[in-house]
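Numbered continuously in this note's numbering, the sequence shown closes out at residue 436.
These are computed hints drawn from the structure, not numbers from a lab. Where a beta carbon is used, it is the ideal one built from N, C-alpha and C, also for glycine. Keep in mind that a hint or two might mislead.
[What the hints assert, rightly or not] Only pairs whose alpha carbons sit at most 25 angstroms apart, straight line, appear in this in silico PhoX-like list of lysine-lysine: (1) K308 - K258; (2) K358 - K256; (3) K225 - K171; (4) K118 - K139; (5) K258 - K377; (6) K225 - K194; (7) K225 - K425; (8) K194 - K171; (9) K377 - K358; (10) K258 - K389; (11) K389 - K308; (12) K358 - K389; (13) K139 - K194; (14) K425 - K171; (15) K188 - K171; (16) K188 - K258.
[As the list claims (entries may be wrong)] Quick list of the computed label-pair ranges, beta carbon to beta carbon: (17) E97 - A284: 42 to 48 angstroms; (18) D280 - G323: 37 to 43 angstroms; (19) R83 - G252: 32 to 38 angstroms; (20) R365 - Q314: 24 to 30 angstroms; (21) E416 - K249: 32 to 38 angstroms; (22) D280 - R365: 33 to 39 angstroms.
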Amino acid sequence: MTIPYCPYQDLSELKPTTAFSDNPARPLRIVHLESSRNIGGQELRILAQMEWLISNGHMVWLMAHPGTPIMKEAAKRELPSVPVAFRGSLHPKAIWAVLRFAYRNLIDIIDCHSTRDAAVAMVAKLSRRRVVRSQHIGRQIKNDILHKLMWQLGNHVVIATSASIKEQIVRQGLSSPEKIYVVPPGIHLDRFNPQVDGGAVRKAYGIDDKAKLITLIGMIRRDKGQRFLVRAVDLIVAAIPDAYFMIVGSATHPEYLEDLKKEISRIQNMDRVILAGFQENVEHFIAASDLIAITSLMEARSLAVMQAFAMKKVVVASRVGGIPEIVHHGKTGFLYPPGNAEKLAGQIIFALTNDVSEIVENAYSLAQREFSFDAMMEKTLSVYRLAMGI
Numbered sequence: 047m048t049i050p051y052c053p054y055q056d057l058s059e060l061k062p063t064t065a066f067s068d069n070p071a072r073p074l075r076i077v078h079l080e081s082s083r084n085i086g087g088q089e090l091r092i093l094a095q096m097e098w099l100i101s102n103g104h105m106v107w108l109m110a111h112p113g114t115p116i117m118k119e120a121a122k123r124e125l126p127s128v129p130v131a132f133r134g135s136l137h138p139k140a141i142w143a144v145l146r147f148a149y150r151n152l153i154d155i156i157d158c159h160s161t162r163d164a165a166v167a168m169v170a171k172l173s174r175r176r177v178v179r180s181q182h183i184g185r186q187i188k189n190d191i192l193h194k195l196m197w198q199l200g201n202h203v204v205i206a207t208s209a210s211i212k213e214q215i216v217r218q219g220l221s222s223p224e225k226i227y228v229v230p231p232g233i234h235l236d237r238f239n240p241q242v243d244g245g246a247v248r249k250a251y252g253i254d255d256k257a258k259l260i261t262l263i264g265m266i267r268r269d270k271g272q273r274f275l276v277r278a279v280d281l282i283v284a285a286i287p288d289a290y291f292m293i294v295g296s297a298t299h300p301e302y303l304e305d306l307k308k309e310i311s312r313i314q315n316m317d318r319v320i321l322a323g324f325q326e327n328v329e330h331f332i333a334a335s336d337l338i339a340i341t342s343l344m345e346a347r348s349l350a351v352m353q354a355f356a357m358k359k360v361v362v363a364s365r366v367g368g369i370p371e372i373v374h375h376g377k378t379g380f381l382y383p384p385g386n387a388e389k390l391a392g393q394i395i396f397a398l399t400n401d402v403s404e405i406v407e408n409a410y411s412l413a414q415r416e417f418s419f420d421a422m423m424e425k426t427l428s429v430y431r432l433a434m435g436i
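Start from the sequences, fold in the hints, and give me the full structure.
Right under this line is the structure:
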């Protein structure tokens, strides 16, 4: 098992009996499990959490499938990472790799983020490891017998990124409400701020400074609903002739990306739509934009919404999942029925042709009060310590 980078001393010779302590102030040893083969908000949040934890004196590792984008990004950021082949819900080699690593490195908390690694963590819990299950996404959660067992027996506590996800988990009978803690994602307010310059992005893509730029940020997959923005393009351009559209994000399935390109080819103003792909410096793309659109059919708590609020950009978002918890229609942004391209176009046109400065300021104030990354991580640490009983 190879660790590309690890700033810690070798802990493999320490006796497992010293792993746990009831001292709540001591640094924690945490391993994040992520079996996803893609990279998006969930995976980037894990890496950002790791950076914060390390900078605050904790010992943290990532265990993920070898060669995946999250592993490459972890290496780029010099974050401790361990390759594990997650090939199924209960793959023996993956289970053994996680158990051995947790035992040798005196791990306090195993934080699992996806279904496959949650199954591995269930076995780890049975071996007396402390397990936290983090649920980031709001799509339908499987609740067959195996998955119910994983939820009910496979963790000590659950972190949900929105109240709507907590309600969904409880409604499906997967966990009791007292085990679930809502910890919304946070953002680095020093990174996402109104002073960021987006001029270089506009120049790179040939968009005039006076043109209106509508941007959608998120993984290119069916439930993110990018096709509905594409279907709204001609309606928006008819009302706002200098409108341009940018879709930022990587595709999880090549076939959906091809379908999206076909959708674009069928509209009259196909030349106004830019597929920018995955971008690390997403704050510059938000800065370049006049409006951020969210077209998801299901969503927990959109990072793009929070980032846009902090950068004083108006948001038009679908009324799904945890989005209405922060996008209050007519107060901090605008909502529309998911999957309705005409309503989406109408809200975008209204937002770009009316004075929305008060709404933007309301959203900015909300971001400053509630979206701090530090505050999110302090809540996360509290849940970790709760799982440990300290």
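Hint-by-hint comparison with the structure:
no. : hint                            : result
1   : K308 - K258                     : holds, 24 angstroms
2   : K358 - K256                     : holds, 18 angstroms
3   : K225 - K171                     : holds, 15 angstroms
4   : K118 - K139                     : holds, 22 angstroms
5   : K258 - K377                     : holds, 22 angstroms
6   : K225 - K194                     : holds, 15 angstroms
7   : K225 - K425                     : holds, 15 angstroms
8   : K194 - K171                     : holds, 15 angstroms
9   : K377 - K358                     : holds, 13 angstroms
10  : K258 - K389                     : holds, 19 angstroms
11  : K389 - K308                     : holds, 22 angstroms
12  : K358 - K389                     : holds, 23 angstroms
13  : K139 - K194                     : holds, 23 angstroms
14  : K425 - K171                     : holds, 22 angstroms
15  : K188 - K171                     : holds, 20 angstroms
16  : K188 - K258                     : violated, 41 angstroms
17  : E97 - A284: 42 to 48 angstroms  : holds, 45 angstroms
18  : D280 - G323: 37 to 43 angstroms : violated, 24 angstroms
19  : R83 - G252: 32 to 38 angstroms  : holds, 33 angstroms
20  : R365 - Q314: 24 to 30 angstroms : holds, 28 angstroms
21  : E416 - K249: 32 to 38 angstroms : holds, 34 angstroms
22  : D280 - R365: 33 to 39 angstroms : violated, 23 angstroms
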